[in-house]
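Chemist: First to last, the sequence lines map onto chains A and B. Quick note on numbering: the first sequence equals residues -15 to 382 in our numbering. Quick note on numbering: the second sequence equals residues 936 to 1084 in our numbering.
Keep in mind that the hints were calculated from the coordinates and are not lab data. One should not assume that every hint holds.
[As the list claims (entries may be wrong)] A short, non-exhaustive set of chain B residues, derived as facing chain A with CB atoms under 8 angstroms:
| id | residue |
| --- | --- |
| 1 | L958 |
| 2 | V961 |
| 3 | R963 |
For clarity, every value in this text was computed on a predicted model and none was experimentally measured. C-beta: ideal position from N, C-alpha, C; glycine also.
Take a look at the letters that make up each chain.
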Amino acid sequence: VARVRAAYEWLDERLSLTPAVDKLREKTVPSHRFSVYYYLGGVTLFFFLVQVVTGILLMLYYRPSAQEAFESVEFLMTTVPFGWLMRSVHSWSAHLTVFFAFLHLATVFFVRAYRRPRELTWITGVLLLFLILAFGFSGYLLPWNQLAFFATKVGTEIAGSVPVVGEWTVRFLRGGDRVTGGTLSRFYGWHVAILPALTTVLLLVHLLLVQLHGMSVPPGQVATARRRRPMKFFPHYALRDLFAWIAALGVLATLAALFPWELGDKADPFAPAFADIKPEWYFMFMFETLKWVPGGEVAGVAYEAFPIMFFGLAGLIVLLVPFLDRGAQDERQRRGVTVAGVAAVAFVVGMTALGYRSLVPLWALLGSVALLALLGWFLREPEPGDGHRGGAKPREIV
Amino acid sequence: MERRSFLDWFLTTTIGALAASVLYPVVRFISPPEVPEASANQVEAGPVNDPELMERAFKILRFGAEPVILVRAGEGDFRAFTATCTHLDCIVEFRRQQGVIFCNCHSGVFDLTGRNVAGPPPRPLTPFRVHVVPPAGAGQPATLVVERA
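All chains, full assembly: derive it from the sequences and hints.
Modeler: This is the structure we're talking about:
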């Protein structure tokens, strides 16, 4: 202990850690009905960090070319020790990052945590979500299998129907007129260099802003938060956060080990697309919406372009929510905003369910609500009236 | 055992087991797997009057994944050695003027028996056997076959 103390003092003298440590010691997290939502950003961050680590490891064996990509992934999965696990963890963690980013976004939205002075936290968060989706889209192509090839063909082609900029966008995304080995190199560059660089900057700003402003108390919970003692960040909140991360790791390891990701067949640009081509689940609602739009055009603009522009507009609206919801600025919770949020969730879940002809997306939604309620109960800070001071209640050992 | 020391022990063991179960696959993953290399015991090296061999007096052959240098030391005198310098793995060449096998990376010199005669190389080059196979038909040149000694 004396040595640790000495090492800390040595570092402190050079880095002046004490102000930061003091701030951490004083930091508290408000306690109220929706406190459990505060963990979701952390869980998303955890899965993202897993992506960074496993992604770097996969780069040790992956070869980004049309000739070798599929074979290198095949080698990775069949010959490299634990290669199948590494790839499986990377793809499961990708799904979970997207899932928790969506959940984080939705909860932050419904408790109006984007109001003054946290507008920039919201905007960086939404941009991070877009980046995560771009990671998903670019990473999907990298194994160079049939599914990836056709999903990328369709996904990039969609952009083509947008008036004026469409054609340029398709060429820009594909690195040419068609999806080829050139597209693969390009997607690889985005996936391992450009997107990570952008994400690192935005993520640092996002986390810095969270520390700067502390946690937002939802307008309806101000009285509760004032009545209850806030939870000390260290050690009470930090330990609960750690618990959440370990639980997340457990879920991830279970999924990756029991349901390893398949590789499929090598991409063949001259083979017909097989039945049941679909995008990743998080693009399904857009894909399904497009299916419902008939062919045709009005004033030279394909019908197809309208839903695409609609989704573009919807993205912009989500980005600008803090400025559109004027009521939130004076701590009012306008019902219209909640209704719009519920409608958006219903649309996304409904279209996803329709796309899969399955009710699983609905169960996933209900499941996450139930999971949050359960975690909220499990991780709660006891009320001051519980007959003890500070920390969790000591339990009887039987 | 006291409750506190039991909990300390329990927590440390759990964290240790967790760390080990994460680190073990990672360490195994980053260690490259053994991949059997394509190996050969002999390769055909082309005709005795191969233009490259006539002009430069040597050529580098692929012996599986391993480079081998074939030297035309004189009329009808062919010799072959492993082409990787014993110093730091560079590929050597034959210098006709000096009559030595030379490594450009760090000026290692080998004589025509493969012996390291000057510079940093610590060991001689491993020799290979060269067979001159008589021509299959009239008017055709003899061919060379290099074999692991």
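Chemist: State for each hint whether it applies.
Modeler: Verification of the supplied hints:
1. L958: 11 angstroms, violated
2. V961: 7 angstroms, holds
3. R963: Nearest chain A Cβ about 4 angstroms off; hint holds.
Checked against the numbered hints given earlier, this structure breaks only hint 1.
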